[in-house]
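Chains as they are written, first to last, in my numbering: chain S, 1 to 179; chain Z, 1001 to 1166.
Please keep in mind that the hints were generated in silico from the structure rather than gathered at the bench. Just so you know, not all the hints are guaranteed correct.
Stated by the list, open to error - Covered stretches of chain Z (in silico footprint by chain S; criterion: 3 or more residues with CB under 8 Å from a CB of chain S, positions within the stretch not fixed):
1) 1053-1067
2) 1140-1152
What the hints assert, rightly or not - Listing some non-contacts, in silico: residues in chain S with all C-beta distances to chain Z over 12 Å:
3) MET1
4) ILE6
5) ALA15
6) TRP18
7) LEU49
8) LEU85
9) ALA99
10) LEU108
11) ASN113
12) THR119
13) THR151
14) ALA156
Source: prediction; values computed, not measured. Where a beta carbon is used, it is the ideal one built from N, C-alpha and C, also for glycine.
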Amino acid sequence: MDLASIVDSIYASGAAEWMRTSVKAMPIVEAIHVMAAATVFGTVLVVDLRLLGFPSTQRPFTRVSGELLKWTWAAFVVAVITGGLMFAANAPTYYVNTAFRLKMLALLGAGLNMAVFHTITCRTIRAWDQGVPAPLAGRIAGAASILIWVTLIFLARWIGFTKGYNFDVPQDVNLDFTF
Amino acid sequence: MRELAEWLQGTPFSVTIQSVSWVVPLLQSIHIVTIGVVFVSSFMIALRVLGRIRTDEPFAAVWRQFSPWLWGGLCVMAVTGGLLVVGEPVREATSLSFWLKMALLVIAVAGTALFGRSLAAAARVELPSGAKGAAIALLVLWIAIIFLGRAIAYDVEVWGRLSLSA
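Just chain S, with the same shape it has in the complex:
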């Protein structure tokens, strides 16, 4: 099964159909996606800035990341679910959209950056957990992470302006609190 036919079957799924026909589904799912994305980015930013030594290296890095990354992951799961629903609604359109493809690439980049940081750079964590600057590789990972996530959000917003269709209200639908 090739990627294009998987995209087609996602488009044909019940969840996708619900997203297209329920008038209130799209704004609600999009709003939750924005909140989840904001939480992912903001919590990652706190951890990345600590890696860069800002505001100081006084708090152990493992403590800052340990306290926050569970919130990052929880929000990320919500973002994937809501993003998946938005994708499903118009899957073939997103699949060929350049901004969408670049966003997925940025997501992959963020994941790789994190994986390299956790498996290689963090091996020496005991030496720089507190009171001293992180090694260059760690600081590069922190700066790269901020850059990638900001780029990803920009690309995400650009999808909405390049997707090539308009989400118009159907004419014959009762809009008063129906789902």
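With chain S held as given, fit chain Z onto it using these hints.
The following block gives chain Z in isolation, referenced to the frame of chain S:
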């Protein structure tokens, strides 16, 4: 209000925002990135008050670390949001979500300022009374504001007959 919005929409500055294709997406992108900064700053302060993070640090220290990001972010959002309103004044003026958002924003900003004052003055370990409830209430307010911000583009879909643009 509608006349004012229509006049604003016809001004050269507004027309520039409307017609240069990358301006609105750029402003919206900066606006969304900054939501992350503001919301998580408020979230960090709330988590400290709720005893979930940084329990070794005084409330005032956590407030001092994150409140500049919160206020700074809000200033950026006021500028990007303000320019977006100038770019689409009629859509904003005829959106129930927009006016609700502005009303909740006033409450959230005033509430955060009061909350910050009591945290800054708080003793190292003893929480001001009602602080936990206030922390949760402020988070709920920010969530509602984010939701309403996204809902501006969908006023009829979200509000049905209550929509101002119908």
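Here is how each hint holds up against the structure:
1. Figure legend: the stretch 1053-1067 of chain Z, annotated as covered by chain S; annotation consistent (3 residues with Cβ-Cβ distances under 8 Å, at least 3 required).
2. For the stretch 1140-1152 of chain Z, the assignment as covered by chain S holds, since 6 residues bring a beta-carbon within under 8 Å of that chain's beta-carbons and 3 suffice.
3. No beta-carbon of chain Z is positioned within 12 Å of the beta-carbon of MET1 of chain S; the least distance is around 34 Å.
4. At the 12 Å boundary, the C-beta of ILE6 of chain S stays outside the reach of chain Z, the nearest C-beta of that chain being 29 Å off.
5. A cut-off of 12 Å between C-beta atoms confirms that ALA15 of chain S is not in contact with chain Z; the least separation is 18 Å.
6. The non-interface label for TRP18 of chain S is consistent with chain Z: the shortest C-beta to C-beta separation is roughly 14 Å, beyond 12 Å.
7. The Cβ of LEU49 of chain S does not lie farther than 12 Å from every Cβ of chain Z; its closest approach is about 10 Å, which violates its non-interface assignment.
8. No Cβ of chain Z comes within 12 Å of the Cβ of LEU85 of chain S; the nearest lies about 14 Å off, and the non-interface call holds.
9. Some Cβ of chain Z comes within 12 Å of the Cβ of ALA99 of chain S; the nearest lies about 10 Å off, and the non-interface call is violated.
10. Against chain Z, the non-interface label of LEU108 of chain S holds: every CB pair exceeds 12 Å, the least being about 20 Å.
11. No Cβ of chain Z comes within 12 Å of the Cβ of ASN113 of chain S; the nearest lies about 18 Å off, and the non-interface call holds.
12. Interface exclusion of THR119 of chain S from chain Z stands, the closest Cβ pair being 26 Å apart, more than 12 Å.
13. Not every beta carbon of chain Z lies more than 12 Å from that of THR151 of chain S, the smallest distance being close to 10 Å; the non-interface claim is violated.
14. Taking the minimum C-beta to C-beta distance to chain Z, about 8 Å, the non-interface status of ALA156 of chain S is violated against the 12 Å cut.
In the structure shown, a violation is registered for the earlier hints numbered 7, 9, 13, 14, in ascending order.
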